[in-house]
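Student: Chain residues, written in single-letter form:
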Amino acid sequence: GAVVSQHPSRVICKSGTSVKIECRSLDFQATTMFWYRQFPKQSLMLMATSNEGSKATYEQGVEKDKFLINHASLTLSTLTVTSAHPEDSSFYICSARMPSGDRETQYFGPGTRLLVL
Amino acid sequence: AQSVTQPDIHITVSEGASLELRCNYSYGATPYLFWYVQSPGQGLQLLLKYFSGDTLVQGIKGFEAEFKRSQSSFNLRKPSVHWSDAAEYFCARKKSSGDKLTFGTGTRLAVRP
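Note that the protein sequences, when read in sequence, are chains H and R.
The letter at position 74 of the first sequence is residue 74 when you use our numbering, and the numbering goes up by one with no holes.
The letter at position 1 of the second sequence is residue 1 when you use our numbering, and the numbering goes up by one with no holes.
Just so you know, the hints here were simulated from the structure itself, not pulled from any lab data.
Keep in mind it's a predicted model, so treat the numbers as computed, not measured.
Careful: at least some of the hints might be erroneous.
Partial selection, computed: residues in chain H whose CB lies under 7 Å from chain R [said to hold, decoys possible]:
(1) Leu46
(2) Ser89
(3) Pro99
(4) Ser100
(5) Glu104
(6) Pro110
(7) Leu115
All C-beta atoms, glycine included, are put in the ideal place defined by N, C-alpha and C.
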């Protein structure tokens with residue numbers, strides 16, 4: 001149980017275009033999902049917390065108009081990188097937590113590698 | 001101040017040898033503690049977690065970790081390392097229920113044949 005998927009696994013795009021990344025909880029409903037960014041050989045940095053049916057909560061320094069998050073259903077959250085630039089190239093990982101029981105543990109997706117040319 | 005510290009950036013051990021990866025946290029109260037493993041280009045897999053109770057916790061793949069309040073540590077151990085254990089290991093903690101998950105900088109483990 002507690003499987004989280006991401007799509008696509010990797011994407012290459014031109015500078016100025018927008019890219020959408022999907023995060024799905026496959027075998028449970030996730031009222032809360034999280035988006036992280038990981039630079040090469042570094043740790044994960046929380047970007048935002050995505051709540052089903054409400055606006056996402058962004059961490060300090062993360063541009064909400066740049067990184068649009070939509071959590072339209074209990075199993076899907078999307079991250080859209082708008083007008084992507086080379087500095088947005090990174091590894092983006094989502095996670096989800098159970099809606100009840102152990103609500104402290106996060107289960108992570110396999111990540112999406114974004115390369116902006 | 002770094003809230004989760006993993007002092008060792010790289011560790012190399014021989015296959016079959018024992019392993020200990022260090023993790024220290026700075027928050028005083030009993031936090032929620034986790035160890036995750038990340039293979040190259042992959043997401044994170046939960047190895048084990050500690051919330052309360054028995055301070056020695058068992059995880060998957062033969063890993064265990066011990067919570068030591070007096071040392072603010074939560075070190076990960078494995079008695080005999082396998083070549084497939086080569087990966088990046090992250091310690092993480094929450095200060096309290098509902099707090100965000102904060103990660104250490106990670107320890108990269110290499111395994112010699």
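Student: The structure should be examined with respect to each hint, and the outcome stated for every one.
Tutor: Going through the hints against the structure:
The interface hint given for Leu46(H) is met, as the beta carbon of that residue sits about 6 Å from the closest beta carbon of chain R, less than 7 Å. This hint is violated: Ser89(H) has a C-beta 14 Å from the nearest C-beta of chain R, more than the 7 Å allowed. The restraint placing Pro99(H) at the interface with chain R is violated, with a minimum CB-CB distance near 13 Å, outside the 7 Å limit. Violation of the interface hint for Ser100(H) is found here, the shortest Cβ-Cβ separation to chain R being roughly 14 Å, above the 7 Å cut-off.
Given hint, Glu104(H) at the interface with chain R, holds; its Cβ is 5 Å from that chain's nearest Cβ, closer than 7 Å. Nearest Cβ of chain R to the Cβ of Pro110(H): about 4 Å, under the 7 Å cut. The hint holds. Hint status for Leu115(H) relative to chain R: violated, with the closest Cβ pair at about 13 Å, above 7 Å.
Hint check: violations occur at hints 2, 3, 4, 7; the rest are consistent with the structure.
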